[in-house]
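Engineer: The lines below spell out each chain.
2 protein chains.
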Amino acid sequence: MASPARKENLNWHHSTTMSKPTVGFAGLGAMGGGMAKNLVKNGFSVKGFDLFQPLVDSFVEAGGKAAKSPKEAATDVDFFVSMVANSAQNSSLLFDGEDCVVKGLGKGKTFILCSTTPPAFLHELRKRLDSEFNRSDIKLLDCPVSGGTLRAGDGSLSIFSSGPDDHLDEAKAVLECMSGNLYRMGGISNGTKTKTIHQLLAGTNIITASEAMGLAATVGLNTQTVMEHVQQSDGDSFMFSNRAPHMLKNDWTALSALGIILKDTTIVTDTARAESIPCPLSNTAHYTYLQGVQAGLLKDDDAKLVQLYLPSSQGDLVSKMTTADAKMNSNHQISKDTVNDLLCGIHLAASVEGMYFCHKLGGIESRLMYEIIVKAAGWNRMFEKYIAKMLEKESWTLTDCPGAEDVGKRLGEAVKKCDAIGYPCPMASAALQQFHFAGLARK
Amino acid sequence: MASPARKENLNWHHSTTMSKPTVGFAGLGAMGGGMAKNLVKNGFSVKGFDLFQPLVDSFVEAGGKAAKSPKEAATDVDFFVSMVANSAQNSSLLFDGEDCVVKGLGKGKTFILCSTTPPAFLHELRKRLDSEFNRSDIKLLDCPVSGGTLRAGDGSLSIFSSGPDDHLDEAKAVLECMSGNLYRMGGISNGTKTKTIHQLLAGTNIITASEAMGLAATVGLNTQTVMEHVQQSDGDSFMFSNRAPHMLKNDWTALSALGIILKDTTIVTDTARAESIPCPLSNTAHYTYLQGVQAGLLKDDDAKLVQLYLPSSQGDLVSKMTTADAKMNSNHQISKDTVNDLLCGIHLAASVEGMYFCHKLGGIESRLMYEIIVKAAGWNRMFEKYIAKMLEKESWTLTDCPGAEDVGKRLGEAVKKCDAIGYPCPMASAALQQFHFAGLARK
Chain A
1 MASPARKENL NWHHSTTMSK PTVGFAGLGA MGGGMAKNLV KNGFSVKGFD
51 LFQPLVDSFV EAGGKAAKSP KEAATDVDFF VSMVANSAQN SSLLFDGEDC
101 VVKGLGKGKT FILCSTTPPA FLHELRKRLD SEFNRSDIKL LDCPVSGGTL
151 RAGDGSLSIF SSGPDDHLDE AKAVLECMSG NLYRMGGISN GTKTKTIHQL
201 LAGTNIITAS EAMGLAATVG LNTQTVMEHV QQSDGDSFMF SNRAPHMLKN
251 DWTALSALGI ILKDTTIVTD TARAESIPCP LSNTAHYTYL QGVQAGLLKD
301 DDAKLVQLYL PSSQGDLVSK MTTADAKMNS NHQISKDTVN DLLCGIHLAA
351 SVEGMYFCHK LGGIESRLMY EIIVKAAGWN RMFEKYIAKM LEKESWTLTD
401 CPGAEDVGKR LGEAVKKCDA IGYPCPMASA ALQQFHFAGL ARK
Chain B
1 MASPARKENL NWHHSTTMSK PTVGFAGLGA MGGGMAKNLV KNGFSVKGFD
51 LFQPLVDSFV EAGGKAAKSP KEAATDVDFF VSMVANSAQN SSLLFDGEDC
101 VVKGLGKGKT FILCSTTPPA FLHELRKRLD SEFNRSDIKL LDCPVSGGTL
151 RAGDGSLSIF SSGPDDHLDE AKAVLECMSG NLYRMGGISN GTKTKTIHQL
201 LAGTNIITAS EAMGLAATVG LNTQTVMEHV QQSDGDSFMF SNRAPHMLKN
251 DWTALSALGI ILKDTTIVTD TARAESIPCP LSNTAHYTYL QGVQAGLLKD
301 DDAKLVQLYL PSSQGDLVSK MTTADAKMNS NHQISKDTVN DLLCGIHLAA
351 SVEGMYFCHK LGGIESRLMY EIIVKAAGWN RMFEKYIAKM LEKESWTLTD
401 CPGAEDVGKR LGEAVKKCDA IGYPCPMASA ALQQFHFAGL ARK
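Protein sequences, first through last, are from chains A and B.
According to full-length UniProt numbering, the stretch in the first sequence is residues 1 to 443, in order.
According to full-length UniProt numbering, the stretch in the second sequence is residues 1 to 443, in order.
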């Protein structure tokens, strides 16, 4: 690693005694808008750019300055933060035309990439800055974020920062203002690798919440009771507790659209493919998201994927079942514990897959990755409990996971019950196969 | 379509009354060597090039001429046939350095690409020929092949040819000499699309053969009896009947290495990803192949993947069980019919997936695709029987597949029995989920 990973503990941004650096900012959407306004709120002078004028107007109302082009936003600032949607938009922002960032950003200034992009993209950016644009003076930092819009707005994101240590030191004021948990992951692209591993967990947890709540509703369990039971059990995840309430309220307001997590699972599975790392759970999540796209859900909240699992005429079934009085579907023996077992089994297989992926990608210490996931949106309770027991040995297979056999058996029972009623459970059945491959249920 | 697809029926190459065109040939391996020697045998003057000298020597022994470089092989020939391994090798062959094909190939001559490459690659080649090398005079034909080494050697391959009609007419003598079934698929890249769809079937059939025979051996059935039963039942496929005998003989001679089908499923799943087409069975096959790579099987015959499904100390179990006397494992009720049901269910889900993929890719008529698959190595009996009934309606989901419900139920029983003994069946369980999504087993 280029620099030892460590947690930053200073709270520099709570002090206002020093003069704040100036910042340019591109991408003022749900995440970026919150981040930029939070910088303004904390006394930074920020010039914001977005192609969509209403977002710029909202930023100006919050005290920001409007820039008419990326170049203008980049002129005379110390730091430029990008939170545009993807790698293509970042390339365009930095390099395309006469009004791009490289035409405005001053000598020796810093470009902080906060968007989620593939690890290889960071090296491509550095190369283009150096060779194609002769701008090796520009400092490039790889700082993807996690935490959602609320944390973006109050400056409590997790940020996985990477790049040369002295450049990260210089950018500390800006990075700390945006983050609650600021990690240093080593050389450039390590931040993005960390985010990719994190999104493997987030991406599997999100679809699993739909698979679980869809099951509860389908068999007529009280979905409110099931949700609360899961939250008090090992089946809980940040995503479950965040998404299940949307389903219970039948509220599909796009807080996080399917298209976003689909972009992330695309990066996860692309990266896995490029490195020939088998990631069955991530792949299953990814193609289930694609099935959601085929069903017309691309721009809807990703919680609405639960409708894939429900009869087409009963898209609101999870909500309807909040008043059901059944505690168990007596024909099929599916109870709230079955739902919890299904979540536990999937989460454990995905957690081991995530750590295996981390190990294979290289450059990120397993223990640090563990600490990051546990505090971030990729958290699930199985990860926290079971991965902790595997850190010593560093052998990332279910075979070497203490306690996995019992989890696998309970998952097997849950899948059997789903199959008996014809309930589709692609995540659970893909997970079960991994327990089988590990020989945990072979008699 | 640029030209109406039709089957070529002439057997021009059996006549020797006309003078034969001259041919350059690159890639003299298992497939290409057979194809090139077959051209020589049929009276063509062929200059062969390969980086591996023993392959060139063998070609010269068979009456071919040796070329020291791609340029030399391309000089003064009417047609240049490429059967090198992949798109990277083709780019290099055509364009890299002073000794490449474009430096040798004469004005207005034809480059026939027989390798399997992604559909987008053909358009890239055409563009580079035209713009980068100013060689729009070179005729590019997209002619991937199917059929294995035996058919390569005796000129009975299936060839999916595409490109401008008049250019295909000119190349008829060469193409017919190499093929038993020569199809015209339309404009350039349609040949490669056809091959991609074909490989979706081939790639799912190969791993399914391992999953099925591994099950038979694991529960102690007589594997010889099971194989023969499947061959007389609906569970048969070209790949099953080709690969199962290798397993029975415990013979892992690399007739077709895992690396080859892995390359093909990479193209299938890359293409599906690029078009956002959910292909769960292909994805499951692909990551199971990757698990085979992790297990060290990359260069082994792909039939050896059956070892993924067997206890690690019993890699020869399929062979050992040829003398078993059990007709059914009485504890688990797994019989030769269970194995057949598992094959049928997977093959049907994969067949529908293949036709859906074909439909989404566009440009290939479903009925023609059906005829091609039925005669080629991607064949399975479920495809032949069930897809025939779906051609009229052209709605490529299991829901609209007459008879799928019964197939799904039998698959469900088979998966239940596998799960009960902890036997890993990733293909069967992924297939079952598709039956569930189609609502075929919901009660």
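For the record, the hints were derived by calculation from the structure and aren't laboratory data.
There may be inaccurate statements among the hints.
Restricting the straight-line Cα-Cα distance to at most 20 Å, the calculated cross-link-like pairs of lysine to aspartate or glutamate (EDC-like) are [what the hints assert, rightly or not]:
#: 1; chain 1: B; residue 1: Lys-299; chain 2: A; residue 2: Glu-413
#: 2; chain 1: A; residue 1: Lys-107; chain 2: A; residue 2: Glu-170
#: 3; chain 1: A; residue 1: Lys-416; chain 2: B; residue 2: Glu-405
#: 4; chain 1: B; residue 1: Lys-409; chain 2: A; residue 2: Glu-170
#: 5; chain 1: A; residue 1: Lys-299; chain 2: B; residue 2: Glu-275
#: 6; chain 1: A; residue 1: Lys-360; chain 2: A; residue 2: Asp-270
All values reported here derive from a predicted model rather than from experimental measurement.
Engineer: All hints, please: hold or fail.
Structural biologist: Checked hints:
1. B:Lys-299 <-> A:Glu-413: violated (38 Å)
2. A:Lys-107 <-> A:Glu-170: Holds. Lys-107 of chain A to Glu-170 of chain A sits at ~15 Å (cutoff 20 Å).
3. A:Lys-416 <-> B:Glu-405: At roughly 18 Å apart (the allowed maximum being 20 Å), Glu-405 of chain B and Lys-416 of chain A satisfy the hint.
4. B:Lys-409 <-> A:Glu-170: violated (64 Å)
5. A:Lys-299 <-> B:Glu-275: Holds, at about 18 Å.
6. A:Lys-360 <-> A:Asp-270: The hint holds at about 14 Å.
When held up to the earlier numbered hints, the structure conflicts with 1, 4 and fits the remainder.
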